[in-house]
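Q: Work out the full structure: start from the sequences and follow the hints.
If you read the sequences in order, they're chains A and B.
Taking my numbering, the leading residue of the first sequence gets 1, the next gets one more, and so forth.
Taking my numbering, the leading residue of the second sequence gets 1001, the next gets one more, and so forth.
Think of the hints as simulated: they come from the structure by calculation, not from any bench.
From a predicted model like this one, the values you see are computed outputs, not experimental measurements.
Ideal placement from N, C-alpha and C gives every residue a C-beta, glycine not left out.
Worth double-checking, as some hints may not be accurate.
One side of the interface only, derived from the structure: several residues of chain B facing chain A at Cβ under 8 Å [stated by the list, open to error]:
#	residue
1	G1081
2	S1083
3	I1189
4	P1194
5	V1201
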Amino acid sequence: MQSQTMAAEKLSPAAAPADAAIAIDDVTLRFVTPDGHMMTAIRDFTMTVARGEFACVVGPTGCGKSTTLNLVTGLLRPTTGSVRVMGNRVTDISRDIGFVFQADALFPWRSVIDNVAAGPLFRGTPKAQAYEKARDWIGRVGLSRFEKHYPHQLSGGMRKRVALAQTFINQPKILLMDEPFSALDMQTRTAMQDELLGLWSGLKSSVVFVTHDLEEAVALADKVYVLTAGPGTVKSVYRIDLPRPRVMADIRYDPKFIEIAKVIWNDLREEVQLGQSRGLQTGH
Amino acid sequence: MTAISPTEQAATRATSIVAAEAQARARLRKRHALVIGLRLAILVVFLGLWELCADYNIIDPFFFSSPSGIWEQIWSWVTEGTSQGPLWLQIYVTLEETFLGFAIGAVGGIVAGIILGRNKLLADVFSIYIKIANSVPRVVLGSVFIIALGLGMASKVALAVVMVFFVVFANAFQGVREADRAMIANAQILGASPMQITRSVIIPSAMSWILASLHVSFGFALVGAVVGEFLGAKQGMGLLISTAQGAFNANGVFAAMIILAVMALVVEFLITRFENYVVKWRPAPFNEQGT
Chain A
1 MQSQTMAAEK LSPAAAPADA AIAIDDVTLR FVTPDGHMMT AIRDFTMTVA RGEFACVVGP
61 TGCGKSTTLN LVTGLLRPTT GSVRVMGNRV TDISRDIGFV FQADALFPWR SVIDNVAAGP
121 LFRGTPKAQA YEKARDWIGR VGLSRFEKHY PHQLSGGMRK RVALAQTFIN QPKILLMDEP
181 FSALDMQTRT AMQDELLGLW SGLKSSVVFV THDLEEAVAL ADKVYVLTAG PGTVKSVYRI
241 DLPRPRVMAD IRYDPKFIEI AKVIWNDLRE EVQLGQSRGL QTGH
Chain B
1001 MTAISPTEQA ATRATSIVAA EAQARARLRK RHALVIGLRL AILVVFLGLW ELCADYNIID
1061 PFFFSSPSGI WEQIWSWVTE GTSQGPLWLQ IYVTLEETFL GFAIGAVGGI VAGIILGRNK
1121 LLADVFSIYI KIANSVPRVV LGSVFIIALG LGMASKVALA VVMVFFVVFA NAFQGVREAD
1181 RAMIANAQIL GASPMQITRS VIIPSAMSWI LASLHVSFGF ALVGAVVGEF LGAKQGMGLL
1241 ISTAQGAFNA NGVFAAMIIL AVMALVVEFL ITRFENYVVK WRPAPFNEQG T
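A: Right, dumping it as structure tokens:
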């Protein structure tokens, strides 16, 4: 369908290589709703993320994007199929995982430094060492002057920086992000995307980044998964061959970027329309 | 007309800002003084009218007392002691019962609220019994406690405990249930064990609910202790009231009431101080009340 010269190479979902960081294999997840009905969240879902790879998941609202993340954390179990992280079947929350939430998940009663030190402290690092590490990570996100502040005293962008430091301090091999920047304004979001890529390039975690913003997905990712309207399954996968390091403020004017975004948007559009017409019918 | 140089302009602007700030501060001070003045005026008018009405027998001071009568009563209690011993001893006994009941009830309520809030099965099983126990008029239990535990301190403490427990329990339970899902998931993924989640997420987020209930429930503990003394006691403010009532001494009833109110206000003030200390992470409220 596309020529080989195109930057957005369409991939066929193949079997996972043995050394994949995340391998979701033919997973179907069904819920029983409180009124006793069966609801399928995702079906026949296959996804692999190689070590150090940045994967984005886009799709219409309510297609089960966040569900895929919860499968990887182990907070949800697949009805059929298997989920493997670093080669092991997911049974419990792995210590290798970091998660950045859409909502503010900082602890409001802890100061910035206490929030960032939380991970190491929970995991039993001695206090002095944990705080030394926290100070270092706060410095890396540029908030050294705000160590003693409480979250309510910070702006939305600063709180997201704290959330990033809080997650990265555990040096996760797997980084899961659930629309982390969707509540931020345009300029702050661009700055945060740069911040994220900077931190990620230092750590080389494998990332699954869920977003409804296609441009954000293309700008950040090595690989973009397009999901169908719910129950979600993978519609297509694209490899994004834009050179790194990328600068968020400039990349959106790159002709190659625009071309890729257009191709994927054509794919995504019908699913979005389908999702919306369904939403209107069911009133969601 | 003369031109004004920019520096000159800036200088005049600076002085005008300082003047405006001084003006605004003066206005605030004035308003504060006005509020305090009006409060005092209302108190003076109220007490004055009461006193005058009593003096001219518009209301009967035998039934409705009078400010001067109440004051004389308090003064005689302070200087000569009450019929059951010195006044401070009565206050001490009542306060001791109240604090013991308050502490036991609050700790019990918090612990039970957190356990049931964290465990869905226990909550589903016990909720019906708690509802039943809560619907029993608790003052009636006072009689049960006096029969079972005697006229001493234990029966009053027990009544104060049951008065406090349910209020604190309900709030702690609700607070635990309202703890943010994302925050719990965050802690879990950061590596917290269930115990660590309870300690560092659940309890702090339920804290505002618990503290709100402590304000109300201290009043309840006082009611429990006083009603307990009412029903049968050898010491305490409740007994003082019931003795005064038996002697048709309206002054005595009002005087004891005022002493109890002052006790409650002092403790309320201390709880507020404690609350501000514990939850200093919260954004400042819109306006501190200027009392």
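Q: Output the numbers, in ascending order, of every earlier hint that fails for this structure.
A: When the structure is compared with the hints, numbers 1, 2 and 4 turn out to be violated.
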